[in-house]
Amino acid sequence: MTGDPHAGTDTRDRAIAALAAIAIGIQILEAAIPSPVPGIKPGLANIVTLVTLLILGWRAAVAVTLIRVVGSSLLLGTLLSPAFWLSLAGAVASLALLAALRPFAPRHVGPVGLAIAAAMAHITGQFLLAWAIIIPHPNLPLVLPPLLLTALITGSLTGILTAHVLADPRIQRHVRNPTANH
Amino acid sequence: MNRGLLRWGDILIGTLAAGIVVAAFTLAYSPSGDARVLVINQAGATPQHEPLDRARVLEIHGPAGITRIEIEPGRARCADSPGRQNICEASGWLQAHGEVAVSLPNRLTLQVLGTEPGFDSMHY
Numbered sequence: 001m002t003g004d005p006h007a008g009t010d011t012r013d014r015a016i017a018a019l020a021a022i023a024i025g026i027q028i029l030e031a032a033i034p035s036p037v038p039g040i041k042p043g044l045a046n047i048v049t050l051v052t053l054l055i056l057g058w059r060a061a062v063a064v065t066l067i068r069v070v071g072s073s074l075l076l077g078t079l080l081s082p083a084f085w086l087s088l089a090g091a092v093a094s095l096a097l098l099a100a101l102r103p104f105a106p107r108h109v110g111p112v113g114l115a116i117a118a119a120m121a122h123i124t125g126q127f128l129l130a131w132a133i134i135i136p137h138p139n140l141p142l143v144l145p146p147l148l149l150t151a152l153i154t155g156s157l158t159g160i161l162t163a164h165v166l167a168d169p170r171i172q173r174h175v176r177n178p179t180a181n182h
Numbered sequence: 001m002n003r004g005l006l007r008w009g010d011i012l013i014g015t016l017a018a019g020i021v022v023a024a025f026t027l028a029y030s031p032s033g034d035a036r037v038l039v040i041n042q043a044g045a046t047p048q049h050e051p052l053d054r055a056r057v058l059e060i061h062g063p064a065g066i067t068r069i070e071i072e073p074g075r076a077r078c079a080d081s082p083g084r085q086n087i088c089e090a091s092g093w094l095q096a097h098g099e100v101a102v103s104l105p106n107r108l109t110l111q112v113l114g115t116e117p118g119f120d121s122m123h124y
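For the record, the sequence lines run as chains A and B.
Each residue of the first sequence is one higher than the one before, starting from 1 at the first, in our numbering.
Each residue of the second sequence is one higher than the one before, starting from 1 at the first, in our numbering.
Chain B with its partners taken away, still in its complex shape (with noise of 0.2 Å):
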């Protein structure tokens, strides 16, 4: 053990160990691009979460009226809102991780995204 402390393979190994947990911190937390969850926030109101995975019709009820919203698996979209600019539903339909929808009048706002952030709690 007199010829230094480290041989080539020591250099190769550390690397690639290192290149490993690069790839995995980015393959585990870089949200995945398909969209899967749909955030309902409405003012005053504890947030909304409504998975992707089947068609369905929800309707939020708002100040200035309902909002329709039609989700489908992978995608969710403002169908009817009392906006008269139909800014909400001129959005179309919600699909990739971050995309957002607003409906002033009813002061909501729609968000799909790739993943449930992690976990609630963990316990040993």
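Pulled out of the complex, with its shape left as it was, chain A reads as follows (with noise of 0.2 Å):
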């Protein structure tokens, strides 16, 4: 389950809460940065995400995007607000589709793939919990592809910076066997 085998429960667990607490900062900061178009950010605290599957493995994916979610919101003041669903519904698509994809990875997908095919889920997940319950306007389909297309370049970006995050030296020394974890 582990890509590190010798590590304890506590050690998996504050490395849990060291990358959720570095994915948080990451979140708030991007907050902070204005953006061109609202609703479009690089997401870039899906790089802690996506190191996090690829050296801890899914579950602790999974637990440390959640607590992502409610930490960043906590912290922004936005907890069960729209924009608190919102971010949930795409990190619980982009977690989902990256679920699918465990198997291939990372003998098949490296982190690029990764990163595309769950900025893609993230913005599919968001539109469609907009669409179908805050904002269920017949026109909003004719956003969807830019967002796609946005998703499509911020997925790559996000995809060469986690693969340049898990060639560092410093990070490869808990990936203990690349291709056997899981």
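Hints are computed from structural coordinates only; laboratory data are not their basis.
Backbone N, C-alpha and C define an ideal beta-carbon position, used for all residues, glycine too.
Do not take every clue at face value.
Unchecked claim - Per the computed footprint, the stretches of chain A lying under chain B, defined by three or more beta-carbons under 8 Å from a beta-carbon of chain B, are: (1) 104-110; (2) 115-126; (3) 156-168.
Could you use the hints to bring the two separately framed chains together as a complex?
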């Protein structure tokens, strides 16, 4: 289950907590950056999800992501607001797709493919929630194509960044067996 | 992570994602073939948009007289117009996106469109 068979529960929990804290920090920094188009942001916190997935496994990635969504919404004051539900919907959708792709990683699919898939699933999940419940406007599908294009671009960028993070020697120490972990 | 940046799965996912983006743009922005709205343009007046949802008759007053427009679900036509050559009437039913009928004496154009153009405005 874990990439590091020697890690005890405490070590693993501490790693999850540290990764979640980094992810919350990135998400809040990103929320402070003004975006030319509301709703479009790079999603750099997904780097942490992907690094966690590829080092600690899927369950740890789920934990880190959910802690990030709840933790950052507490700090930003958006807990239980539409922004929170959109964030959660995107996170759940991308985690679901990552779960489906997990058997192919990292042997056949690397960080770039995972990041693109996660970004596309993220925006699709958000869009479906928005369309079904928050803004059920018949013309809303017209905004989906540019959002998908943005997800493709930001997903590629976060994927490349994830590959660089994983190649860092300080991270590589934790990747004992890069082809065998799930 | 020493075996290069991309695996074949990455290329497959990237290609699929690009395909989804292209398909989404094509599906969302190509006007649907069936007419859904009639745009009435008269010189000097604001264009008038009439949805093609139920049968009714409109009468447009112009410099040469009255143009009678028949609207039915999904189509519209110029039923009677003051022009002596009956050019407007000869255009027949307008039912595909972009079809036009013109009445020059009344300085009038009728065009049916597949979809209303996008949004008037967006707010966050």
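Against the structure, the hints come out as follows:
no. : hint    : in the structure
1   : 104-110 : holds (count 7)
2   : 115-126 : holds (count 3)
3   : 156-168 : holds (count 6)
When each numbered hint is compared with the structure, no violation occurs for any of them.
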